[in-house]
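In order, the protein sequence lines correspond to chains C and X. So for the first sequence, UniProt numbering puts the first residue at 1; every next one is plus one. So for the second sequence, UniProt numbering puts the first residue at 1; every next one is plus one.
These are computed hints drawn from the structure, not numbers from a lab. Any given hint could turn out to be false.
No copy labels: a pair is met if it fits in one copy or bridges any two.
Said to hold, decoys possible - Lysine to aspartate or glutamate pairs mimicking EDC-like chemistry, simulated, CA-CA at most 20 Å apart:
{"id": "1", "residue 1": "Lys266", "residue 2": "Glu278"}
{"id": "2", "residue 1": "Lys176", "residue 2": "Glu269"}
{"id": "3", "residue 1": "Lys120", "residue 2": "Glu208"}
{"id": "4", "residue 1": "Lys120", "residue 2": "Glu173"}
There are 2 protein chains.
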Amino acid sequence: MLIKVFVPAHITAFFIPKFHEDPLLAGSLGAGINLNKGTNVFVNIDEKGLERRVQIAFDGEPVKKDDAIISYSVANEMIPSEFVGEVEIWQYFDFPNGHGFGNSAGGALGTALSLAYAFKEKTFLQAAQIAHKYEVQYKGGLGDVIAQIHGGVEIRVKAGAPGIGVVDNILFEGYKVLAVPLGKLSTREILDSEVVELIKKEGAVALEEVLKQPRVEILMNVARRFAERTGLLTGDMLDIAKELDKCLTLPSSMVMLGKSLFAFLKENEIEKTKTMLEELSIENYYISDIYNQKPKVERWMEGSL
Amino acid sequence: MLIKVFVPAHITAFFIPKFHEDPLLAGSLGAGINLNKGTNVFVNIDEKGLERRVQIAFDGEPVKKDDAIISYSVANEMIPSEFVGEVEIWQYFDFPNGHGFGNSAGGALGTALSLAYAFKEKTFLQAAQIAHKYEVQYKGGLGDVIAQIHGGVEIRVKAGAPGIGVVDNILFEGYKVLAVPLGKLSTREILDSEVVELIKKEGAVALEEVLKQPRVEILMNVARRFAERTGLLTGDMLDIAKELDKCLTLPSSMVMLGKSLFAFLKENEIEKTKTMLEELSIENYYISDIYNQKPKVERWMEGSL
Numbered sequence: 001m002l003i004k005v006f007v008p009a010h011i012t013a014f015f016i017p018k019f020h021e022d023p024l025l026a027g028s029l030g031a032g033i034n035l036n037k038g039t040n041v042f043v044n045i046d047e048k049g050l051e052r053r054v055q056i057a058f059d060g061e062p063v064k065k066d067d068a069i070i071s072y073s074v075a076n077e078m079i080p081s082e083f084v085g086e087v088e089i090w091q092y093f094d095f096p097n098g099h100g101f102g103n104s105a106g107g108a109l110g111t112a113l114s115l116a117y118a119f120k121e122k123t124f125l126q127a128a129q130i131a132h133k134y135e136v137q138y139k140g141g142l143g144d145v146i147a148q149i150h151g152g153v154e155i156r157v158k159a160g161a162p163g164i165g166v167v168d169n170i171l172f173e174g175y176k177v178l179a180v181p182l183g184k185l186s187t188r189e190i191l192d193s194e195v196v197e198l199i200k201k202e203g204a205v206a207l208e209e210v211l212k213q214p215r216v217e218i219l220m221n222v223a224r225r226f227a228e229r230t231g232l233l234t235g236d237m238l239d240i241a242k243e244l245d246k247c248l249t250l251p252s253s254m255v256m257l258g259k260s261l262f263a264f265l266k267e268n269e270i271e272k273t274k275t276m277l278e279e280l281s282i283e284n285y286y287i288s289d290i291y292n293q294k295p296k297v298e299r300w301m302e303g304s305l
Numbered sequence: 001m002l003i004k005v006f007v008p009a010h011i012t013a014f015f016i017p018k019f020h021e022d023p024l025l026a027g028s029l030g031a032g033i034n035l036n037k038g039t040n041v042f043v044n045i046d047e048k049g050l051e052r053r054v055q056i057a058f059d060g061e062p063v064k065k066d067d068a069i070i071s072y073s074v075a076n077e078m079i080p081s082e083f084v085g086e087v088e089i090w091q092y093f094d095f096p097n098g099h100g101f102g103n104s105a106g107g108a109l110g111t112a113l114s115l116a117y118a119f120k121e122k123t124f125l126q127a128a129q130i131a132h133k134y135e136v137q138y139k140g141g142l143g144d145v146i147a148q149i150h151g152g153v154e155i156r157v158k159a160g161a162p163g164i165g166v167v168d169n170i171l172f173e174g175y176k177v178l179a180v181p182l183g184k185l186s187t188r189e190i191l192d193s194e195v196v197e198l199i200k201k202e203g204a205v206a207l208e209e210v211l212k213q214p215r216v217e218i219l220m221n222v223a224r225r226f227a228e229r230t231g232l233l234t235g236d237m238l239d240i241a242k243e244l245d246k247c248l249t250l251p252s253s254m255v256m257l258g259k260s261l262f263a264f265l266k267e268n269e270i271e272k273t274k275t276m277l278e279e280l281s282i283e284n285y286y287i288s289d290i291y292n293q294k295p296k297v298e299r300w301m302e303g304s305l
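Can you make the complete structure from the sequences, with help from the hints?
Okay, here's the thing in structure tokens:
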């Protein structure tokens, strides 16, 4: 059987990391956006064979266990211990890896949900918790999985794994999202550095303001302030953000954590923004709708791939 | 501006009521199904006028405040205190009222979400909590609102309002849902009677089994046992359930709480089930898909009504 899961890309606008020994209690507070582009996971289960084999591929290329340790760990826990046969997990990413779009969580969650659908031994939240657990353990991210299961423009109001943390949504209207990946950034390095204290302080201020006035307009204002005050958005990237702002009603900001920018676009701002990106010699950008649903899990017809 | 919200009908399969002084901590544990038919709420906001006026209509007929006290209370709390003008709330129900399909919660939640979308002062969960609060306070129901915001085949694993209670989902494949409304039943009367103790006991047994094996097949088996052992499914209704079972793989059961039956249908069971319903002289029934998303909130174009 072949199963397909779509998990939205998730952009964090600002955050407060919450570390905890128990990965189910670790997570983050903050806010972000789920996009209608992201990670597509196809899982093919073949019950023939004499041994248990799990293969994972990123964008069509098989990867070694160590390079996909999060998804391998998820698969290993989701596949029943008595299963004998082959499980192929094909993960396709609309956004580049390591740029802050939640690919790692998307692959982990897509893997968990496909296998929950196939083997019918775990619920939606149990599968999502397993994805969250290995994301946290191997430092893929803290809040992407729980954000992705809710969709929309989200506010993480209580940290933790799915079923423990709480995610709220802002209702919005008439926006698309521009995403501009400019380079990689190691989440791990930032979270291990001194800037974490500043992130916690500025994150708390930002969260309070968004909860007081839950609107995307406020969200983007506080996100930009967070990005600048933490010193994460500086130099060339800040210069590009300022150029983009000239075309936009709401300020652009930095994707947490990637060397990437994002912004809300109104329909009538799309053309001038494209022209500006061309002037800045930026060819690699995405304009997406916001994805307002849960991840989509379905049986995929053979032959329609 | 005209806003449309769709909230799925919600059928409870079994439940454990959790009463609490604080309505945000009251709720229910249990399991149920969200359907792709339900309640459509259209809200029209006209900022002209000298005073604040709120009008509610059920299926096109204006209703008095006392007959729509839950939705009036929700509207009153959701509309900003400084607002002057007219708010018309049109609620349309696919299923008959009082038969256990969550119409009251659908109307309350649809009203809350439309007004959150219009006035941008409250988040999704804040609006849903207000709907839950008045549902509980005026005994419309305990678990419908939180079930409806999650969609799908749901298991309520922690009781409480949206943002406090926890709802999980069972992943399923290839089923439609048959719903047969046969008569009204007062939720309030059942919850005030002695049968509550039996409901709590049988509900706990059912929940444990579904969590151990989270499959719709188990869900329907324990739901039917719950319905019979609590003495709620008896007499003519039980006779009809047994007739329906002859056409079905999974047992049918009773909607909690309404004099209504429901069942999962496979594609190849639809025709013989229709023939059986005809033989039983039952003309009023519904065959729906399961609704797997959050309630849909959107601006509705004038003229497309």
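Verification of the supplied hints:
1. Lys266 to Glu278: So lysine 266 and glutamate 278 pass the 20 Å test inside one copy only (19 Å; across, 54 Å).
2. Lys176 to Glu269: For lysine 176 and glutamate 269, only the intra-copy Cα distance (10 Å) is at most 20 Å; the inter-copy one is 43 Å.
3. Lys120 to Glu208: Between copies only: 16 Å across, 40 Å inside.
4. Lys120 to Glu173: between (37 Å within a copy, 10 Å between copies)
Against the hints set out earlier in the document, no violation occurs for any number.
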